[in-house]
Amino acid sequence: MVIPWCSSMMRLLWFLFALLLARSVADAATANYTFTVESMRVSRLCNSTDIIAVNGQLPGPMIEVNEGDAVAVEVINGSPYNLTIHWHGILQLLTPWADGPSMVTQCPIQPNSSYTYRFNVTGQEGTLWWHAHSSFLRATVYGALIIRPRNGSAYPFPAPDQEVPIVLGEWWSRNVVDIESDAVSSGQLPRESDAFTVNGVTGELYQCANDTFTVDVQPNTTVLLRVINAGLNTHLFFKVAGHAFTVVAVDACYTANYTTDTLVLAPGHTVDALMVTNASAGSYYMAVQAYDSLSPTTMAVTDDTTATAIVRYNTTSTKKNATPVMPTMPQSSDSATANAFYFGLRGPPSPSAPAVPTKVDVNMTIELGLGQLPCDSTQSSCSGKSVAAAMNGVSFRLPSQMSLLEAQFNRTPGVYTADFPDAPQPSGTPMVEGTKVRRLKYNSTVEIVLQNPTAFPSENHPIHLHGFNFFVLAQGLGNFTPGNVSGYNLVDPVSRNTLAVPTGGWAVIRFVANNPGMWFFHCHLDAHVPMGLGMVFAVDNGTTPDSFLPPPPADLPKC
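Count the sequence shown with mature numbering (1 follows the signal peptide of the UniProt record, and there is no 0) and you get residues -28 to -1, 1 to 531, in order.
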């Protein structure tokens, strides 16, 4: 039930909020961009393929701003598909209409239409990214979003000599919308990708390879690599031969220094890593391979190819045509290496570390499940059962006539129900379909135990929370023991917006629901979203002008 309030009081609060908003916008620089989304023909892997891209680029345009800036991006949809754009990791404080997930915060931008996303980047620094949030268009509609410290401020680590965005992706030689449509229609998982990419190109190890991303570096300098996994469905190992990394941030949240020679990124993750160019003069491959977390491994069907880029020392002794050195990569099923990376990250040391809230208002356990449901009437090539996924036994379904955020703002009944369960269902309970949300009071502290089943099949699920960062208090393998809080890290936990919940394991996260709106909480393996592996948090309004859900912008797309 939504608590009613006096309309005159609401108008007064909105007047006060408008004054605050006008002042904050006036004080901030505004970065303006135009994204034109259209078809583009690209040659890869001995084939020519039509893809959907932004401004004729793959990856799309990089957004570069300073902390505190405002951003306005006009998206013109010249493609034949409905489309939205999500600004992955942007907190969208009081700008939920700009978050982007289709039918959660907006209806999609229809072909030959446009919408301008407006938001601020307040209190955030580091590497984020943007991507389509409607169907598999994310496979080619994506780009980096870099937030540097505001003018006059510095990084909390030694300033690098060079910064290099590295956007990792997956490539299909068929239309990705058709691939998703075939999978949904048949009730099966989509086919695996045909290649991986580094900044849009595959590198030299694939057939008909005609382009390789190359970065020239000076000896004995420090390079900040801003690495993004924009892939649809695959966790990735990333290495540079002969070099180590010092991780300084993940998901635009600073970390304690973490030294490794292998970065591990689930879909949606970003990693900021310093690399010192102290190897012998020469050329070295960056290499990207799949981490296949599926258990048992006999069920694995992941792309087993290797994408490469080149780090080339800019010296007279570097032979221009010499074969670069290749790093030794982990085995594709090397969960030990992946978990060591994920579990080893910590937040920055005090006093830089943000304080972990200690009083918990809402406790939840969410079990991530894979299973089957009967084929429905829209699945024309499905036979009997369809693959499905659920959180706490609920296979999530998006509404079709109105976005969840519009329904929340307008108090429209019948679009969703606020009865998402706080705990897993008893063993043997059938999976159900539904548009169920969990309502949260404004400013409440929420703790969630995410449990990945230990039964087969199981895989690592990267779970992404829109609208918030969260503290990762603990992670482990097997089943979580309720009440086992002694192992929580309440001193320097890492903060993230996307967490890789280990295969057959668990994780505990905590966040403060201080942002009114509808916030998607879902697996970032895109194949699992239409299968139902998600839910939504409905955060209530607060009591002050800066804690009220604002009205929709005039150009918000209509369904």
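Hints listed in this document are in silico derivations from the structure and should not be mistaken for laboratory results.
Fair warning: there could be bad hints in the mix.
[As the list claims (entries may be wrong)] FRET-style restraints, in silico, Cβ to Cβ:
(1) Gln134 <-> Ser322: 42 to 52 Å
(2) Ala228 <-> Ser125: 34 to 44 Å
(3) Asp22 <-> Cys531: 20 to 30 Å
(4) Gly95 <-> Val463: 15 to 25 Å
(5) Asn4 <-> Gly455: 30 to 40 Å
Small disclaimer: the values here were computed from a predicted structure and weren't measured.
Note that the Cβ used here is the ideal one computed from N, Cα and C, for glycine as well.
A quick look at each hint next to the structure:
For Gln134 and Ser322, the hinted distance range of 42 to 52 Å is not satisfied, since their beta carbons lie about 31 Å from each other. For the pair Ala228 and Ser125, the supplied restraint of 34 to 44 Å is violated, since their beta-carbon distance comes to about 20 Å. At roughly 27 Å, the beta carbons of Asp22 and Cys531 sit within the given window of 20 to 30 Å. For the hinted restraint 15 to 25 Å between Gly95 and Val463, the CB-CB distance of approximately 21 Å keeps it satisfied.
About 51 Å separates the C-beta atoms of Asn4 and Gly455, a value inconsistent with the hinted range of 30 to 40 Å.
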